[in-house]
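Protein chains in written order, with the numbering used here: chain A, 1 to 231; chain B, 232 to 675.
Check each hint, because a few of them may be wrong.
Unchecked claim - Which residues of chain A face chain B? A few of them, derived with a C-beta cut under 8 Å, are:
hint, residue
1, Gln121
2, Ala123
3, Val144
4, Asp155
5, Arg173
Said to hold, decoys possible - No more than 16 Å apart at the CA atoms, straight line, and that leaves these computed lysine to aspartate or glutamate pairs for EDC-like:
hint, chain 1, residue 1, chain 2, residue 2
6, B, Lys580, B, Asp562
7, A, Lys66, A, Glu91
8, A, Lys164, B, Glu351
9, A, Lys181, A, Glu202
10, B, Lys330, B, Asp310
11, A, Lys164, B, Asp593
To be clear, the hints were calculated from the coordinates, so they are not data collected in a lab.
Even for Gly, the Cβ is constructed at its ideal location relative to N, Cα and C.
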Amino acid sequence: MTIAIGKAIQEGRNLVEPEAYELLEAYGVSVPRHRVVNSAEQAEVASAELGYPVVAKIVSPDVLHKTELGGVLLNLNDAAAVRAAYRQIVERSRQARAALRGVLISRMAPPGIEVIAGLTQDAQFGPVVMFGLGGIFVEVYRDVSFRLIPLTELDAAAMIREIKASPVLQGVRGGRPADLKALADLLLTVSRMAVENPEIAEMDLNPIIVYEEGLSVVDARVLLHHKTAPA
Amino acid sequence: MPAGSLSFKSRESLQALFCPQSVAVIGASTAPEKLGYQIFKNILDAGFPGTVHPINPKATEILGRRCYPSIDAIPDQVDLATIIIPAPFVADTIRQCGKRGVKGAIVISGGFSETGPEGEVLQNQLVEAARESNVAVIGPNCQGVNNPHHPLCASWPLLTRRGGVAIVSQSGTVGAALMDWASQEELGVSTFVSLGNRADVDEADLIHYFAQDPHTRTIAIYMEGVKAAPKFLQAVRQCRKPLVILKAGRTPKGRKAAESHTRSLAGRDEVYEGVFRQLGIHRADDLEELYDFSKALAYLPRPKGRRLLIVTSSGGSGILATDMAENTGLDVAPLPEEMARKLRAVLPKHCIVANPLDLTGDANAEMYRQVVEAAGPHFDIVGLIFGDPIPGASGVVGTDPLQLVIYLGGAEVERHERLLFHRKGIPVFPTPERGIRALSELLR
Numbered sequence: 001m002t003i004a005i006g007k008a009i010q011e012g013r014n015l016v017e018p019e020a021y022e023l024l025e026a027y028g029v030s031v032p033r034h035r036v037v038n039s040a041e042q043a044e045v046a047s048a049e050l051g052y053p054v055v056a057k058i059v060s061p062d063v064l065h066k067t068e069l070g071g072v073l074l075n076l077n078d079a080a081a082v083r084a085a086y087r088q089i090v091e092r093s094r095q096a097r098a099a100l101r102g103v104l105i106s107r108m109a110p111p112g113i114e115v116i117a118g119l120t121q122d123a124q125f126g127p128v129v130m131f132g133l134g135g136i137f138v139e140v141y142r143d144v145s146f147r148l149i150p151l152t153e154l155d156a157a158a159m160i161r162e163i164k165a166s167p168v169l170q171g172v173r174g175g176r177p178a179d180l181k182a183l184a185d186l187l188l189t190v191s192r193m194a195v196e197n198p199e200i201a202e203m204d205l206n207p208i209i210v211y212e213e214g215l216s217v218v219d220a221r222v223l224l225h226h227k228t229a230p231a
Numbered sequence: 232m233p234a235g236s237l238s239f240k241s242r243e244s245l246q247a248l249f250c251p252q253s254v255a256v257i258g259a260s261t262a263p264e265k266l267g268y269q270i271f272k273n274i275l276d277a278g279f280p281g282t283v284h285p286i287n288p289k290a291t292e293i294l295g296r297r298c299y300p301s302i303d304a305i306p307d308q309v310d311l312a313t314i315i316i317p318a319p320f321v322a323d324t325i326r327q328c329g330k331r332g333v334k335g336a337i338v339i340s341g342g343f344s345e346t347g348p349e350g351e352v353l354q355n356q357l358v359e360a361a362r363e364s365n366v367a368v369i370g371p372n373c374q375g376v377n378n379p380h381h382p383l384c385a386s387w388p389l390l391t392r393r394g395g396v397a398i399v400s401q402s403g404t405v406g407a408a409l410m411d412w413a414s415q416e417e418l419g420v421s422t423f424v425s426l427g428n429r430a431d432v433d434e435a436d437l438i439h440y441f442a443q444d445p446h447t448r449t450i451a452i453y454m455e456g457v458k459a460a461p462k463f464l465q466a467v468r469q470c471r472k473p474l475v476i477l478k479a480g481r482t483p484k485g486r487k488a489a490e491s492h493t494r495s496l497a498g499r500d501e502v503y504e505g506v507f508r509q510l511g512i513h514r515a516d517d518l519e520e521l522y523d524f525s526k527a528l529a530y531l532p533r534p535k536g537r538r539l540l541i542v543t544s545s546g547g548s549g550i551l552a553t554d555m556a557e558n559t560g561l562d563v564a565p566l567p568e569e570m571a572r573k574l575r576a577v578l579p580k581h582c583i584v585a586n587p588l589d590l591t592g593d594a595n596a597e598m599y600r601q602v603v604e605a606a607g608p609h610f611d612i613v614g615l616i617f618g619d620p621i622p623g624a625s626g627v628v629g630t631d632p633l634q635l636v637i638y639l640g641g642a643e644v645e646r647h648e649r650l651l652f653h654r655k656g657i658p659v660f661p662t663p664e665r666g667i668r669a670l671s672e673l674l675r
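Same shape as in the complex, but just chain B (with noise of 0.2 Å):
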């Protein structure tokens, strides 16, 4: 282990990669196909509040900025370089970019360890600059840095909405799949971060970082492989937030694709499982779960108890609930005769008085909102399956005892019903295995 690895990058440093106040996009471009256009485009759209300063010798201006030859000729101070140039020049452009008193750098550019042998070389170059500059460098090959709190979004595609998970992404692609599923749904990311190569920052850095942010209520985190196994645990048994791993490359040829792509050494995946069991980390088996669990421990507080009321407009739903409740190891208790007797005198004859308790297809919100109140000295949560379009559901949802949302089925009342849920911080789940298994790691 090389001296020093144990130490996190400083608090300091991250915040010029995620709370700038003037970027310099160094490979901006006039044109709008190159990610040198988009960068600096969605950095400006985003609303960044501090200056934002193109780099190009060979342009002028670029959306009516002035645009510089290089970071030299820039008068004032620059925090984050935003670098889209080709590899052989990104190692140089970092020890510019520190002499000029630049703190963090984002490395967007491909064309290193990724690529073999020639790339490796250039990828310890930049490595080098960077610990000699003292630049904290994200990358190389990544999809870069948003944080929608600040804003910055040096990255793609656009995406502005605020929320409480942290993403952490070795694939740039995965991530944004993540924040952009956040987005559609109104409920935001605190970060995005596409680590790329991790020539330098690493999850573990990342871990330490968001454990402290006081937007970052859960990390979710996809990787490929740890990359300093004692940096990354001290990281997490420090870490007091909710963290949520999806790892991959668990399989023989998994694990060689990992390699190449991102050259991420991925281990035995038993190892993983224990190691993540034992930290008490939520293991994601696919993107769903790695987004659904993330969401759940971010936005539900922890039940008090496994006794779970699950209570549905659809039998079917009811039941999907039920099975994946009794594999996950909630408990689908029997209604107590008190309880039944009195939703018998107030629901409609031909509901199904039991767990689950089916309201049937011509359920409205007020029958749920009185289910809700006659289950909560009983059990320790109710699952709401709202499996039709059912008008006013978010009204009834309340936090006492714990509600965990399901709607499906509902169409356009769905879709304008779950934004309404959204805006009030409370998460709707799309199907009913995916809300109760991610329910269930509330309780792990």
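Looking at chain A on its own, in the form it has when it is part of the complex (with noise of 0.2 Å):
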């Protein structure tokens, strides 16, 4: 178990963004270059280090659903917005009674394909390891496909290559292909660490970000299984 894992479970939360980040970067999965920031000021020196443009996301164990609340600004291109975006972020939760624990401010990822992965439970085979397209593939026309964990290195080619959408990872319109080996490490990687951290509960990428060489997971949520009594 990773020290934040250990430490969300003692607090009875859920994993905060920065610390999925973390869990992430340990297990060698690419996230943007980001810093978590306490003020208007913190978060202007950040964004001038990181580099323009950038995103500022609200840092808060009581939201699972952060753009809904209004806790997410893309796009941000200056200083002047960088600012206003902290002052908004801090207003938000503020309104939403949500405690804050930062804002968390990171290098806005050029275009590339997206694509969703995650864990989910199900009811009758447990823990299983999804993949997707970002945006309307899934969410329209649920064109997904899932594994049982451990995963093996056919299971995520396989995975990749089953659903409807597929081509469209191999380059369409001029478009080139995106990098499909690094997609099938991150779905291993998913599988590895619901394995080697059973307390995963739900793991949600999304979106990730697939270039022609590498990827980039942009956001990311991550559940812990809580024990509602003692064992």
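Could you use the hints to bring the two separately framed chains together as a complex?
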């Protein structure tokens, strides 16, 4: 169990996003360069260091759906925008009575093909790894694939191949093919994380931006199993 | 997960259900319209090799057999009880059976968990009685067991054809339909098991059992949901025989219907899809696929590769076959020049020597034989479509290279030839699409 998971379980909460990033990085998964800041001034300094454009996100164990709360502000291009975003997130968290553990400033990831991956609990089969293309493919067409953990390399490759929108990953309309090897490795990593950290109940990596070479997990949500009664 | 739920039913207890030496029919009836009469009669008519005792306190004799008032009154050993009495009496009857050394019981009666909370209580009592008395129970709310190899037909309708596919079904009718088709075609089954509410014996026990059964080559399952995932996964991982599953309850309303039918949790369909693929289970999308896939997997060897030559007397059928082959990843490769030259020399001028190879409407069995012979070195599979009444078709088909037989539009000649094929153990498919689709499962 990683330190972040142990601490979160002790405090009876789920991972906040910087901790989820930390977990992913510990397993060799790329996430955007980021800092957690506690003032508008720090936000400005961090942004200058990371390089514009940046994203500002709320960090709070009470907020599962950051976007719905207005806790994610994208495409911030200068210091004024970053300061305004910081103040706005503080204000939103106060309105929602959500405990604020800072604001996450991260480098805006360049565009690529958006996919999602994660771990969910199936009522019958238990923990399963999920994969799909981002946006309407998952929401409208339910174009997703699942496998039981632990995944083999063949399973990971099949999961990517068997979704209906898979040709999009091979490159369409002159687009470059996505790094399928990096994607398969990510699915295997999700499986390994779940096997090695049985405290993880759900993981939602959405979106993941895949490039011709490599990928970046832009948003990560990790929910933990909490004991409801002493063992 | 309750302790011990990962252990499978012992071979001995399942043998009592499928290959008993003696059977008691509890609730046997003198009234021909009742199941208690039909099942008793079917056991006799199928030629059960051991003793069969009817049990009914109100009768003295049924179909010439002495009737006993209870299981206790039978003087000799009974292995299997088939129970067709009202639900409230079943649990106690199972206890009595246990005391008499009965190892297995098939509970045909309904009125259990499928009917609501009161039935649920009765079912729990049944399970408790079965566990305490060490009796393996199939059902309740089921259509029984038919093992034509024994033979034991504790089910209906009366079907006796022996074959290589084990049918395991949560729905009695769905399973019986498959068995009926297999009988019609003279392919038969290895065993038919209707699981009903599967209060005790479940699909995992049966996968485990049929994986070792010498008569079973392929296991065909209709299910609305797995009963216990860990046990199911273990059974499937250990099974070395092809497993074909039709999993119903794919849509939200279908899931709801499954819950009220056999109280099954139908689960998320996409997860089933992934799990089945991961475990190498052949997933059938409908009843015909369940039948066709099992038939192909049980009776055809695995092809060496994907190169398929389609030979037909019907142009249209050849195109339908080609479309399905393309869609299922088979390779309808062009004819090598050497082979085409050889065939043009022996076939009539009007034949279209290509792939698909159209022998046209006046094709005869000898022409098919010539094509198969020429195809040998170049193709992994020859799909033979007999699209007209072609006598002697069954005489020209062999196994090298693998030959897939599709016969349609041949009326009486077709029906006659199909049975000849099936008696030789070569499966015949009724349409180009169904045949090619089933074939593609051999290469999954």
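- Task: Mind listing which of the numbered hints don't hold for this structure, in increasing order?
- Result: 1, 5, 6, 8, 9 and 11
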